[in-house]
Amino acid sequence: MPFEPVILFFLLGLLAGVVRSDLKIPGVLYESLSIFLLLAIGLKGGIELSRYPLASLAGQGLVVLAAAALIPLIAFAALHRLGRLPRPDAASIAAHYGSVSVVTFAVAASFLSRLDVDYEGYLVVFLVLLEFPALVLGVILARRADGQTRWGPMLHEVLSGKSIVLLVGGLLIGWLAGPEGIKPLDRLFIDLFKGVLAFFLLEMGLVVASRLGDLRKAGAFLIGFGIAMPLVGATLGLLVGNLLNLSIGGSVLLAVLFASASYIAAPAAMRIAIPEANPALSIGAALGITFPFNLLIGIPIYHHMAVRLAGDF
Amino acid sequence: MASKLHPRQLLTIICEADLERQLVSEFHRLGIGGHTITDARGQGKHGDRDGLWPASANIRIEVLCESAVLDALLTLLEQHYFKSYGLVVFVSEVSVLRGDRF
Numbered sequence: 001m002p003f004e005p006v007i008l009f010f011l012l013g014l015l016a017g018v019v020r021s022d023l024k025i026p027g028v029l030y031e032s033l034s035i036f037l038l039l040a041i042g043l044k045g046g047i048e049l050s051r052y053p054l055a056s057l058a059g060q061g062l063v064v065l066a067a068a069a070l071i072p073l074i075a076f077a078a079l080h081r082l083g084r085l086p087r088p089d090a091a092s093i094a095a096h097y098g099s100v101s102v103v104t105f106a107v108a109a110s111f112l113s114r115l116d117v118d119y120e121g122y123l124v125v126f127l128v129l130l131e132f133p134a135l136v137l138g139v140i141l142a143r144r145a146d147g148q149t150r151w152g153p154m155l156h157e158v159l160s161g162k163s164i165v166l167l168v169g170g171l172l173i174g175w176l177a178g179p180e181g182i183k184p185l186d187r188l189f190i191d192l193f194k195g196v197l198a199f200f201l202l203e204m205g206l207v208v209a210s211r212l213g214d215l216r217k218a219g220a221f222l223i224g225f226g227i228a229m230p231l232v233g234a235t236l237g238l239l240v241g242n243l244l245n246l247s248i249g250g251s252v253l254l255a256v257l258f259a260s261a262s263y264i265a266a267p268a269a270m271r272i273a274i275p276e277a278n279p280a281l282s283i284g285a286a287l288g289i290t291f292p293f294n295l296l297i298g299i300p301i302y303h304h305m306a307v308r309l310a311g312d313f
Numbered sequence: 001m002a003s004k005l006h007p008r009q010l011l012t013i014i015c016e017a018d019l020e021r022q023l024v025s026e027f028h029r030l031g032i033g034g035h036t037i038t039d040a041r042g043q044g045k046h047g048d049r050d051g052l053w054p055a056s057a058n059i060r061i062e063v064l065c066e067s068a069v070l071d072a073l074l075t076l077l078e079q080h081y082f083k084s085y086g087l088v089v090f091v092s093e094v095s096v097l098r099g100d101r102f
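Protein chains in written order, with the numbering used here: chain D, 1 to 313; chain U, 1 to 102.
None of these hints come from the bench; they were simulated from the model. Where a beta carbon is used, it is the ideal one built from N, C-alpha and C, also for glycine. Please note that a few of the clues may not be correct.
Unchecked claim - With a Cα cut of at most 30 Å, we get these calculated DSBU-like pairs of lysine-lysine:
hint	chain 1	residue 1	chain 2	residue 2
1	D	K194	D	K162
2	D	K217	U	K83
3	D	K24	D	K194
4	U	K45	D	K24
5	D	K194	D	K183
6	D	K162	D	K183
7	U	K83	U	K45
8	D	K162	U	K83
9	D	K217	U	K45
10	D	K162	D	K24
11	D	K24	D	K217
What the hints assert, rightly or not - Covered stretches of chain U, as calculated for chain D (at least 3 residues, CB under 8 Å):
hint	stretch
12	46-54
13	85-95
Looking at chain D on its own, in the form it has when it is part of the complex (with noise of 0.2 Å):
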């Protein structure tokens, strides 16, 4: 199975957590690292963006939203009814798997570019697309018709959130700027794109070897739960793109955007919106089980399920 090297950096911190290693990146550099790794997503698909005419666009992305809107809604199913989760936190959880991981997608995208596997960069709007509209639907699902939603803070949070602000601000330079215009800053956010994902994913891996022991409260349903849902989302994203006829690297990407959840996005806007949801359940189940699970293990298989659906062996 083809495995992507700068996984390596995140197993490393993994190790390094779990043998409590003095290793320690202060939360500033994790900061900083994820404005990098937002904004030069952002930038890379407002090129890509601006070689496609927008028009076209519209009516893959409504196709993808109302697709993805299932997950979210499958989720909450599996966890409220089958897994007897109080409703907030199934509302919340389903609310994060709902929502995309930026990194995931990242590493996907160099998954790809190492097996010189194309794929329409433009899939960057969806990422965008796909990053609030779950979160909004997880609050519903919690709330019902209970009225006590504080939408104000939690739109604003979400909205004006560094994710949002980043990816669509990049996307709107590099759209406007285009290929040419965005040259002299390739140095900075292209060549080392790739080393500061590494760096990032060193970090995530720490982080994730001090949530392991939100594992132990989340209990073996929700453990199989987070490496089913993303094969669930996987399978919907993977169909969607056929549907779509995007190319086998496109569906892997979409695959990946309905398969991964959210860590950044999601846990400070639900911790808003749904202040009873408890959120080591959440962030153990997006962070501890399904981020190490597609990037080690998901990413190959949607790329082997993808090529088996193109019927190309």
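For this one, chain D is given, so just place chain U on it according to the hints.
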């Protein structure tokens, strides 16, 4: 010197960093003119708050105020925050110079 000192209450809140924006807007609503926020790390009932990433980061907020404002703020914290969030709240009696500022 002692005659220049004015008794005030110092409220200290140690809480999840995610609450910063919300608490600061509560301060503004209550007419509290100033506060100080610092990053904080530690351990407690909510586990290891190591500050490795935003979801495990804590902050320490200090507010100097008079008793009436303090009461309103404590009531608000009790009603809306204690149940679902990790907060440590304590009050100290302090003396300040330039009492008209707090």
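Just pull the numbers of the violated hints for me, sorted ascending.
13
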